[in-house]
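Colleague: Protein chains in written order, with the numbering used here: chain A, 1 to 321; chain B, 1001 to 1321; chain C, 2001 to 2339; chain D, 3001 to 3339.
Careful, some of the hints might be misleading.
The list that follows gives simulated cross-link-like pairs (lysine-lysine, BS3-like), each with its CA atoms no further than 27 Å apart [claimed, not checked]:
#1 B/1034 <-> D/3184
#2 C/2184 <-> A/34
#3 B/1279 <-> A/279
No lab work stands behind these hints: they were computed from the structure.
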Amino acid sequence: MTTITVYDAMAQALAEEMRRDARVLMFGEGVATKRAELLAEFGSTRVRNTPLAEGIIAGTAVGAAATGLRPVIDLLFAPFLCYAMDELVNSAGKLRYLSGGQFEFPLVAIAMTGAGWAVGSQHNHNVEAWFAHAPGLKVVMPSNAADFKGLLKSAVRDDNPVLFFVDIGLLYQPGEVPDGETLVPLGQAAIARPGQDVTLVSYAKTVPVCLQAADALAAEGIAAEVIDLRTIKPLDEAMVLASARRTGRVVVVHEASRTCGVGAEVAALVAEHAFDSLKAPVRRVTGPDAPPPASYPLEQAFVPGVDAIAEAVRALVRKLH
Amino acid sequence: MTTITVYDAMAQALAEEMRRDARVLMFGEGVATKRAELLAEFGSTRVRNTPLAEGIIAGTAVGAAATGLRPVIDLLFAPFLCYAMDELVNSAGKLRYLSGGQFEFPLVAIAMTGAGWAVGSQHNHNVEAWFAHAPGLKVVMPSNAADFKGLLKSAVRDDNPVLFFVDIGLLYQPGEVPDGETLVPLGQAAIARPGQDVTLVSYAKTVPVCLQAADALAAEGIAAEVIDLRTIKPLDEAMVLASARRTGRVVVVHEASRTCGVGAEVAALVAEHAFDSLKAPVRRVTGPDAPPPASYPLEQAFVPGVDAIAEAVRALVRKLH
Amino acid sequence: MNPVSPAAAARAAASATTPSAVIPRLDQPEALLEAMLLIRAYELRLSARSAQGGTPSTCTAVGQEAAAVGVVSVLTADDLILTNHRSAGHLLARGADPGRMMAEVLGRRDGYCKGKSGSLHISVRELGVVLTSTIVGGELSLATGVALSQTMLGRPGIVACFFGDGAAGEGIFHESLNLAAVWKLPILYVCENNEWQAFVHRRETMVGERIAARAAPYGIASATVDGNDVDAVRTAARAAIDSIRDSGEPFLLELLTYRLRGHFEPDDQAYVNAAELAAWQARDPIERLKARLLAGGGFTTGDLNGIDARVNARIDAAMAFAEASPWPDTSDLLTDIYA
Amino acid sequence: MNPVSPAAAARAAASATTPSAVIPRLDQPEALLEAMLLIRAYELRLSARSAQGGTPSTCTAVGQEAAAVGVVSVLTADDLILTNHRSAGHLLARGADPGRMMAEVLGRRDGYCKGKSGSLHISVRELGVVLTSTIVGGELSLATGVALSQTMLGRPGIVACFFGDGAAGEGIFHESLNLAAVWKLPILYVCENNEWQAFVHRRETMVGERIAARAAPYGIASATVDGNDVDAVRTAARAAIDSIRDSGEPFLLELLTYRLRGHFEPDDQAYVNAAELAAWQARDPIERLKARLLAGGGFTTGDLNGIDARVNARIDAAMAFAEASPWPDTSDLLTDIYA
Ligand SMILES: Cc1ncc(C[n+]2csc(CCOP(=O)(O)OP(=O)(O)O)c2C)c(N)n1
Ligand SMILES: Cc1ncc(C[n+]2csc(CCOP(=O)(O)OP(=O)(O)O)c2C)c(N)n1
Ligand SMILES: [Mg+2]
Ligand SMILES: [Mg+2]
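Whole structure, please, built from the sequences with the hints as guidance.
Modeller: Structure follows, in structure tokens:
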């Protein structure tokens, strides 16, 4: 185990995968400037700056992926994905299907999002649910350094287009990363903390918040299980449902806006497939249906906090204890 | 009452609103060609063809809306919205908020979607949930001619950006439209058929399918209530929850893919706020997480059918009768 | 670590992308005419069928056959093609089987895309026709990546990307050209300027007359040529490809042509200026080639009728094949989503 | 029916869009210098503060003051401005209160956008600075609509849209120019070509040197001018606006300048070529104007020091105002979403 930041964990993942497979290349606005160590090791053919044009960055990745390369692109902030939706959704997500399976799209598109830098909603907008709703894509959003490394490596090796979301608030968080090859499979959630009274389902920056809430609840005698989804699509339904059936109480927590978010999906799954085990309503603690504001205290208020989560749990437990 | 098609109902709505308010104008690819009657009545300043460029069509509408006009734009097919996401989501949806309320965006963006024309998933992709998930937007998706007229008129009068989705399969469906001024308020669902055993929540083309399923179920003694959401955002939570509390059984039906769709939101709302009344799991009958295919029988198979809906209801009723 | 050299990777990936089906040689006048007639007959047959109802509609390129055949005929088997919604010409000129294409249009299992595409996004990877997109501009966004693979994996072929005058209004056209210029990608941008963008005349959408003028700011060489003269198209396309190979840089070739039928069948073309349409009908590329062959090419009317008959027989057989092809199974709804 | 004539609608809407705050007259050398110094001092003060931590960072336009002041100084009160992430110069030249701007940057309630924007999307409607977007290209997509309102509602002002060389790489730039040309919209496109696109040098992103070259294919007139010479900028901007008023068509003005500081504070500029930076530092627009005023403008060092002192006092007061401004209330999280 070594303790490194999420940023460094991603850098390691990229370097290792580029070393392993000459077809992996990386490009984006400032990639070659900011990832000077990759440029130095792999050269300017495989590590490239681009013009400022997200559409063609993504489209180029999609075209290259279909014809033998394995591109990783950095699209900077999630709202900029709005300029790359056709390429990601209509091309990467659909052209395998529409062609009757003639093409594969092994590519990774990285984007940052989430509160922490007080930059406002044109830089901070959690849109992972859009890509979960679109067919043919995979969506990853890790919560800690080890998973960032292991999931990014798996994403690069996956033969499908993967949206890889980096919660800004985690970027410089240190965490323990295993030495040697670290692969975390896509589509597998993790039990970040076991418990039997209630299940907190979350991902990304709100996982540590849930863990804090679980600590607080433990002091009150409530044992909360915390599930870190890690991959949004494919969603590890089995793990979520097994936990829901065990605890009978579920609170879904994320920073993205509530309506049609990942929390809606998790709640719907639970309400459909774990209904008989439920002892209380399924609750969501999420960001509001508002654009994230820049002002620091407002930005903080946007994100589900320990108190809100703990209070949601208490309400459920009170309800039927 | 007059019986007209959805297409004509929309044409009436547009003409009436343009007559009423000189600030209303309409543009898009082929708008002036295809809506020759509007061009003839309102002239080429207010009814315009555009270059083939969805981004600037939408951006122009957003800029014009903020500064005194009330544009209606036709973006043709929903997947083409992928080229207009920045303008719709980052500008129309966020610049009111980010500016501290300095601007309003009274605009309507029309797009077609849904099975019926066997055109494949680059023309047919139900993405209404994306816009429900994004802040600052409204989303409308009617099921019948009268609502198309009344909701489109309300959308034009609304001071917010409205995404107006036209289910292709309904476009030439005739329906009764009230004579005289017809306004249907945004945000108000309708009970398309009352019933007390189970609630079917749906919108757009699957509303008539739900009504057929309700007919079939009635023959078996099951009284299904059918709720037509009409507006996806703001969602008429009160009506949905009231019905869910009354019937205790909910099936959500839509054509869009399941994951993080509108059905997830409705199911989550019910599981959270009508939990105590629920007698059975909340079920979703939706399109699969696949790109809609072109081949006619496959395209039909994509859409929730009468049998699947009726069977979902039977399973719930059987479960706890 | 298991290092893979780019060359080894190229070998590994090559089988998957080098065209493997038989690509016809189109270098004799007769073959060129036959290809153009095949396209025309294919499109008219489908249009007639869809006019009767029950058959999905198509976007025909009637009147544009010289553009498709002219460019495709000078490509090598190593070259790759990207096309769009109006693709029948490009596909048939490249050697696609009209039966499998018709099966695809009808949504049948033997279609090139198992019926999932329908007419609008037919790709045929074994012929090097890749990533067809019906999103206007879609192919322009993908061509750069395909060309990047060609250069990085050391493959010899260039990438021919067909698009319309309308597509040149999408921002992605500009992004594609710029990146291709900066990264020196071997792309032949082929703009079939057919004066129409669905129901809008090109003149309503731009100031000036030439799409090719948009290449210069990116340092991209361009040419504009009569797109209804198959020989002129071939000559210009050959020169363009030579330029790409010599300079290692992209080229934009604009072909001036006309969409003689509507945007999407059926289309009464009520919005079309009759005089303009008539003028272009008089420049029909097939009639022009026929006239040339009769005048000085050593062909008789009988020869040409013979070609017509061959083509019609092929189209009859193709339609029969397509109609006999089964529908996909409902289970196919959920295949081919993920690799 | 309640028909509203466009003119009546214009009257109704006018109050909401005609600039209503006091817009300073910048036509004397002293005022121009003072505006440039104010911008510089404003940006350096915020940069210094953010270097200490705890204050949000900004994108400064240090070195580009002549571009902002030059163009804004020749606009009339009727004209509207769209800007982007690097907006302080445009806003301050237009007369925005540095105190309210700083309050906005700090996320305070008295900011022009109630703290919701922060530095990146400051709009000041009462000054005609509308729809600021930090999406690169955002303002280009909106300017056409703003200009359409101007023409359809019979308002006299033109629309000045400021953007960078990087933004000209986004497809929406091309879509915006084309529509403005086709619809004859009164837009002054102002490209501040500062050689940088965040961490990428402009030369890595295009072939050729001039963004202005991209206007020609759309039939749009353009000019390129030394953006570090405020007089040259004013002359060129005046000519451009005259062209817009005479022709009713858009104009693209490219200002050659340089981003002397990093992309976003703090930024060590390790990636910047030191010689290039030094060469541009020697062309600092403020030093150039000062030298000119001292050489032949009838100004003494004392005069200039006096202006400096005034500006610093204003910035001190502005910062004090901003720091004294309260934070927004948590309830503000849910206001201003819908009209
Ligand atoms: C992004 C997008 N916008 C609109 C359409 C609808 N559409 C299909 S073809 C077409 C016209 C395309 O014109 P052009 O590029 O000149 O090609 P042509 O059809 O003339 O060959 C339009 C508007 C589409 N398929 N994709
Ligand atoms: C769509 C989008 N892509 C990327 C960014 C990140 N970004 C902010 S400013 C900038 C550089 C912009 O360069 P330019 O347009 O030349 O303006 P400058 O910053 O030089 O004034 C970048 C890449 C963004 N804000 N929006
Ligand atoms: Mg065309
Ligand atoms: Mg720049």
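Colleague: Would you mind marking each hint as holding or not holding in the structure?
Modeller: To see whether the hints hold, each was checked on the structure:
no., hint, result
1, B/1034 <-> D/3184, "23 Å, holds"
2, C/2184 <-> A/34, "23 Å, holds"
3, B/1279 <-> A/279, "13 Å, holds"
The structure fails none of the hints (numbered hints given earlier).
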